[in-house]
Structures are given as structure tokens and as C-alpha cells.
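K.L.:
With the sequences and hints as input, model every part of the structure.
Numbering (my numbering), first residue to last: 3 to 467.
If you are wondering where the hints come from, they were derived from the structure by calculation, not from laboratory data. One or more hints might be untrue.
[As the list claims (entries may be wrong)] Lysine-lysine pairs mimicking DSS-like chemistry, simulated, CA-CA at most 25 Å apart: (1) Lys186 / Lys439; (2) Lys289 / Lys439; (3) Lys254 / Lys274; (4) Lys227 / Lys203; (5) Lys439 / Lys227; (6) Lys43 / Lys254; (7) Lys186 / Lys227; (8) Lys274 / Lys337; (9) Lys254 / Lys337; (10) Lys337 / Lys313; (11) Lys203 / Lys274; (12) Lys101 / Lys254; (13) Lys254 / Lys227; (14) Lys101 / Lys337; (15) Lys337 / Lys316; (16) Lys289 / Lys316; (17) Lys254 / Lys203; (18) Lys439 / Lys203; (19) Lys186 / Lys203; (20) Lys186 / Lys463; (21) Lys289 / Lys101.
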Amino acid sequence: MQAPPNEVDVLVVGGGNAALCAAIAARRDGASVLVVEGAPKFYRGGNTRHTRNMRCAHDTATEHLTGPYTEAEFWDDLLRVTEGNTDEGLARFMIVQSKEMLTWIAEQGVRFQPSLGGTLSLGRTNSFFLGGGRAMLNALYRTAEELGVSVLYDAPVIGLDIDNGRFRSATIRMDGADHTVRAKALVVAAGGFEANIEWLKEGWGEPAENFLIRGTPYNRGDVLKMLLDSGVEAIGDPTQCHAVAIDARAPKFDGGIITRLDCVVFGIVVNKNAERFYDEGEDFWPKRYAIWGRLVAAQPEQIAYIVFDAKSLKMFMPSLFPPIEADCITGLANKLGLPVEAFEMTVSGFNAAVRQGSFDHTELDDCRTEGLTPPKSHWACPIDTAPFYAYPVRPGITFTYLGTRVDRDARMQMADGGASGNMFAAGEIMAGNVLGKGYAAGIGMTIGSVFGRIAGERAAKHARD
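P.N.:
Below you can see the structure in the form of C-alpha cells.
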């Protein structure tokens, strides 16, 4: 295995979208760049492997986008999902910068395709990668390597030498041997700590044992801990994260996007006591899917069940696993291990409360419930057509929001009130600056691309100066 160089202009820690955008930008600005990825080559790229699209502001329709998505609308969407828990100045800056990203990303070899359909409703707002996240990632790696960026795999960073907010060197472990790499500037894009169950339990307690990790098992937060221990200022709540409801039969780690379930709006969701606990039709799915992980996490034993009938079976993208099926509600309760009488009462009570209108999952329609707590505000239809179906779901953690505070230059801020001299951050490790809570589809890739490019450019400038 190739040993790392003793010194480079810019050291990039991480191997996903944010890291590659930083590496490419720094190299295009003339810096020598080394990327160190802690994962093996096959698993390179962190959670980028599991993505499908990114959300960017744009003024007009394009070949793959059906209409404009203004800066004001993007900000309104972000404000709504975060409930104001965002650094407004930094968030608005990111939105403005996002307008350039679709062109810039395409210039790095990434190709796009028309939006997927179903409940996503993203044809106007989000650009989908041709071939998905792994294809997007492969394009970025190909461009980086053609530019002369060096990449090392199976190369975790196990130590950082930081003195008074200035990075000096990193210790990298390869094949059991430790190597010291000095750099004029550091870009950290090493993800969050979602794969570190013990760290999750510090915020969530024992329920975290039942969480499934949608993404890479390599995002354990080791580098984040080193940075915080070295005086970098933290931002974000350790219990806030991108958490969706995924199939409870998914593997503990790395199940990816194919275990996500997009059928909540077509049915009801009950806990193990057969009780509904939230409005399944509150808003469009891309603006609400990421709240369901936290909702399920608050339920007994951190499990719930999405229940629907034959009318809805083909109205959403299927999951990796088939739904559990029964010819009657009683039979479905038995298969799910739910209390039969309570489940029957929940379903019949819901059906009686439905006020049917003109069903249209692309609009906030007038199909709703009356006199029911919690209500279903839109897309409410009786569950009355056999066969009946259900998916068991658990919280699926994608990435955590506790991270490093940065400024508009993606420069890390220090806890003592100053700014780092030569340390920059991009991607999930600093996403908490924009995402204090909540999520909107595709915004993680926006954060990574925008701040990755900025971090690379600023790191190269620092090295040059």
C-alpha cells in the first residue's frame, strides 16, 4: 500500500461528496492535495453512496427541473423544517451559493436525470444524479484523480496536532503503521458520529440501542472528538439528527436508501399498542419524512407500523423488503403481534373520521379527518380494501447535527471566540450550522457541495499565501 507523503498543501480528511468537492476545488486552485479516507475503497464516500439528489436554488426550468426554485422559497422551506433553528446568515449564504452548484458539479463530471416520481414531488426543486449517489461519487473521484489529487483508503486519522487553533499535522494509520503528514491547511469532511452507538446513547439514553444506522459504519465521530478536544467550537444538539423511519428488518448499519419507506402519507402509523401518534398527512413528504425517525424513537421499544390497504400498494416506491400482508385487519394485527381489539378500534375509528374529497398526493388535498386526535390533515382515505398491508419501522439515523461551528469561509471557529488559522470543515461534520433540527430532501448534499467547494478554495488560498 502506498505510504502517505510527508507534507502537502491541503490535507482533506474524509471521502464523500464534501471531501471530493473540497479536494477538486483546492487542486484546481493549484494546491497539492491528499485525501485520506478511513474506509476501504469499496465503501468509500460515506453516506454519499446512498444519496439520490441535491436541492439547489435556480431561476428557471432546466433540462431536468420543471420550474424555478427561488432563493426565497428555498429559505422558506428551510425555515419551516428547522423551525428557525438555523444560522440565518450562513443558511441564506448557502442558498445563494447553491445556485452555482448544479453547473459546477456538472463540470466535475456528474450527470443528472429527470426526477423520480411517486411521493417525492421533487421535480422542480431537486436534481437527481444519473445512477444515484455512487455514480455521482465515482465521477468526482475520477475528476480528482485526473487532476492529480492523491487518495489513500483504509487510512483513518488517529491524531491531530493542533496548537492554538492552527493545524500542524495529522497521524494516519495504514496497515498497522502510523504516519505523520504535515499540511499548510486542513479540510475536515469526515461526517458525523451516527455509527457510534455509545456516543448516541449519551444524548438518547438506552433507546439508541434500537436505532438502525442507514449509512456508513465508518462515521464514528473520531475526528470530530479530536477537534472539539482541541478547542474547536461545537454547534448543535447531540440528539438532533437526520432520522427517518426505515424498515425494521434492515441491517444495523449501511442499509441505505432502499430501506426507507415513503408510504406514510397513504395510510396510518401505529405503535406497538396499536395507537396512532402523529398526523401522517401534515405536509408534503419531502418536508416531513425526516421527522418520522424521531417520532418512532419516542414510541415504546422504538418501533411502529405503517398500515395501508390494496388501494395504495402501487402508489409509492417499494422498499427492499415486501410488506406484511393479510386478508383482514384482524389477521394483520396477529401477524404484527399487535393487540387485536385495539388495532381494530384504531382502524375503524380512523375510517369513520375520514372526510373524503379529491385525492391528489401532489397537492395539499382536501381528504382529511374530522374529530380525530391526532388528525390526518391531507390524503386521508379509509383503510377498507383487502388485502391489508404493513411495514414495521424503526428509527434510521442518517447523520448527526452536533459538529463544528464555521463561518462563510467554512473556517472552523474556536471555543475561545477566535477563528482557526488554517482549519476548514464541510459536509455533515458542520451541517448543524444550517440544520439545527429537521430536514428537507437533498439539503445534505447541498451543504456538502457548497461548503466543500468553499473550504477547498479557502484552504488552497491559505496554502498559497
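K.L.:
Give a verdict on every hint.
P.N.:
Hints and how they fare:
1. Lys186 / Lys439: At roughly 34 Å apart (the allowed maximum being 25 Å), Lys439 and Lys186 break the hint.
2. Lys289 / Lys439: holds, 12 Å
3. Lys254 / Lys274: holds, 20 Å
4. Lys227 / Lys203: The hint holds at about 16 Å.
5. Lys439 / Lys227: holds, 21 Å
6. Lys43 / Lys254: Holds, at roughly 21 Å.
7. Lys186 / Lys227: OK: Lys186 and Lys227 at ~21 Å, within 25 Å.
8. Lys274 / Lys337: Given pair Lys274, Lys337 holds - Cα atoms ~12 Å apart, limit 25 Å.
9. Lys254 / Lys337: Status holds; Cα separation ~23 Å.
10. Lys337 / Lys313: With a Cα-Cα distance of about 20 Å, the restraint between Lys337 and Lys313 holds, given a limit of 25 Å.
11. Lys203 / Lys274: Judged against 25 Å, a Cα distance of about 22 Å means the pair holds.
12. Lys101 / Lys254: violated, 36 Å
13. Lys254 / Lys227: holds, 23 Å
14. Lys101 / Lys337: violated, 49 Å
15. Lys337 / Lys316: Status holds; Cα separation ~22 Å.
16. Lys289 / Lys316: Holds, at roughly 22 Å.
17. Lys254 / Lys203: holds, 15 Å
18. Lys439 / Lys203: holds, 18 Å
19. Lys186 / Lys203: violated, 36 Å
20. Lys186 / Lys463: Distance ~10 Å between Lys186 and Lys463 Cα, so the pair holds.
21. Lys289 / Lys101: Within the cut-off at roughly 20 Å; holds.
The structure is inconsistent with the numbered hints 1, 12, 14 and 19, although it conforms to all the rest.
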